[in-house]
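There are 2 protein chains.
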Amino acid sequence: MREAYHVELDNLADRLSGMSSQVADAMERATRALLDSDLKLAEQVISDDVKVDDARADCEEKAYALLALQAPVATDLRIVVAALHAAESLERMGDLALHVAKAARRRHPDPVLPEQVRAAFAKMGEVDVRLARKAEEVIRTKDVEAARSIEADDDEVDDIHRNLFSVIMDKDWPHGVATAVDVTLLGRFYERYADHAVSVARRIVFVVTGRMPGYTGSDV
Amino acid sequence: MREAYHVELDNLADRLSGMSSQVADAMERATRALLDSDLKLAEQVISDDVKVDDARADCEEKAYALLALQAPVATDLRIVVAALHAAESLERMGDLALHVAKAARRRHPDPVLPEQVRAAFAKMGEVDVRLARKAEEVIRTKDVEAARSIEADDDEVDDIHRNLFSVIMDKDWPHGVATAVDVTLLGRFYERYADHAVSVARRIVFVVTGRMPGYTGSDV
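Chains A and B are the protein sequences, given in the same order.
Using full-length UniProt numbering, you'd call the opening residue of the first sequence number 1 and step up by one each time.
Using full-length UniProt numbering, you'd call the opening residue of the second sequence number 1 and step up by one each time.
Everything labelled a hint here was simulated from the structure, so no lab data went into it.
These numbers were taken from a predicted model, which means no experiment stands behind them.
Some hints could be false.
What the hints assert, rightly or not - So, partial list: chain B residues that the calculated Cβ filter (under 10 angstroms) puts toward chain A: (1) ALA68; (2) ALA71; (3) GLU88; (4) ARG188.
In this text, a Cβ means the ideal position worked out from N, Cα and C, and glycines have one as well.
Based on the sequences and whatever the hints tell you, model everything.
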């Protein structure tokens with residue numbers, strides 16, 4: 001049973017790694033669609049989201065099979081449940097990339113973002129994608145060193161996000177209320193994506209190593 | 001074992017019902033704090049959030065005990081996993097109520113909301129709280145009829161939320177960008193709370209009845 005358990009756990013980890021890669025690609029493309037007002041790319045992100053949903057359903061089935069057939073206990077059990085939570089967060093990250101792509105499509109051919117905040121979004125997109133790729137890397141290489149810098153990346157997104165608000169709220173903001181609302185919501189999507197990515201990366205480290213990095217609560 | 005399983009499942013359902021009640025209270029108070037600029041009430045919501053986090057940890061422990069000791073399969077297994085997901089969503093609902101309370105505290109003694117949007121937030125708060133209380137009721141009474149109107153309630157929040165945007169984005173919006181940003185984020189918190197409440201209510205119906213209402217995917 002231990003042998004079968006580990007083979008099935010590896011399959012589940014591979015699928016989670018694939019999902020991390022899918023949602024990293026989705027956010028990379030959505031950010032490019034947003035910055036370049038690229039309708040075709042936005043449409044691609046929107047139509048690809050169903051693949052993320054399918055991958056999540058498949059992860060759940062693999063986790064159910066593990067639980068039902070292997071009846072793991074103790075740490076083994078927590079690892080499978082962590083994988084279930086990670087799959088849920090990854091699906092949500094896909095949804096957030098989808099929201100970004102939909103914003104790009106809604107305003108097309110106009111740009112959504114004024115020049116003043118383009119750099120902030122380019123940077124948030126870059127860090128978000130990096131976070132998702134780290135999660136993927138941790139699984140592929142089983143090298144949890146890659147997970148060490150996760151918190152720093154998340155802090156970077158939070159800093160850019162906070163700074164974005166001071167730009168929008170400045171009394172000299174010249175772009176009007178509608179643009180401020182778009183920028184506010186988009187900023188929130190990037191910030192939430194990073195939060196989920198951190199949570200996924202921690203859980204994936206746990207799935208790979210059986211230990212939760214920098215974690216003191218019971219929220220595995 | 002079947003007897004023990006059902007006793008433990010009832011315990012878990014009770015704890016989820018308690019969490020639903022906690023997050024309903026939190027959103028009710030946060031909305032009052034927001035509308036009345038009531039600092040004391042806002043502080044109470046903020047300090048009570050740790051109790052929701054504790055309840056979630058306790059639900060997880062109960063679910064782990066069920067999985068490890070009873071090794072449920074098939075529908076029984078899916079029910080326990082649904083409870084785990086429901087606990088996660090309920091914790092998130094608590095966080096969203098916390099965000100509302102923090103907004104009320106941040107602007108105190110000034111009101112966060114201009115007169116023009118007060119009614120919309122009063123209504124969204126009312127429907128959000130009603131959704132959380134329905135989840136609680138379904139568990140307590142095991143009467144899933146209460147769950148039937150969940151989708152309609154969620155549609156109501158979505159309608160108010162959409163209408164809110166047209167108010168903010170109107171070119172005659174006289175309250176400036178900073179207020180529009182506050183209103184945008186607060187609107188998003190109420191909308192997300194309702195989304196999570198719907199997901200929780202469906203999962204709770206599944207925990208109680210073993211059947212997912214109006215659900216066609218595998219996302220239990």
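Compare the structure with the hints numbered earlier in the document and write down the numbers of the violated ones, lowest to highest.
-> Violated hints: none at all, because every hint is consistent with the structure.
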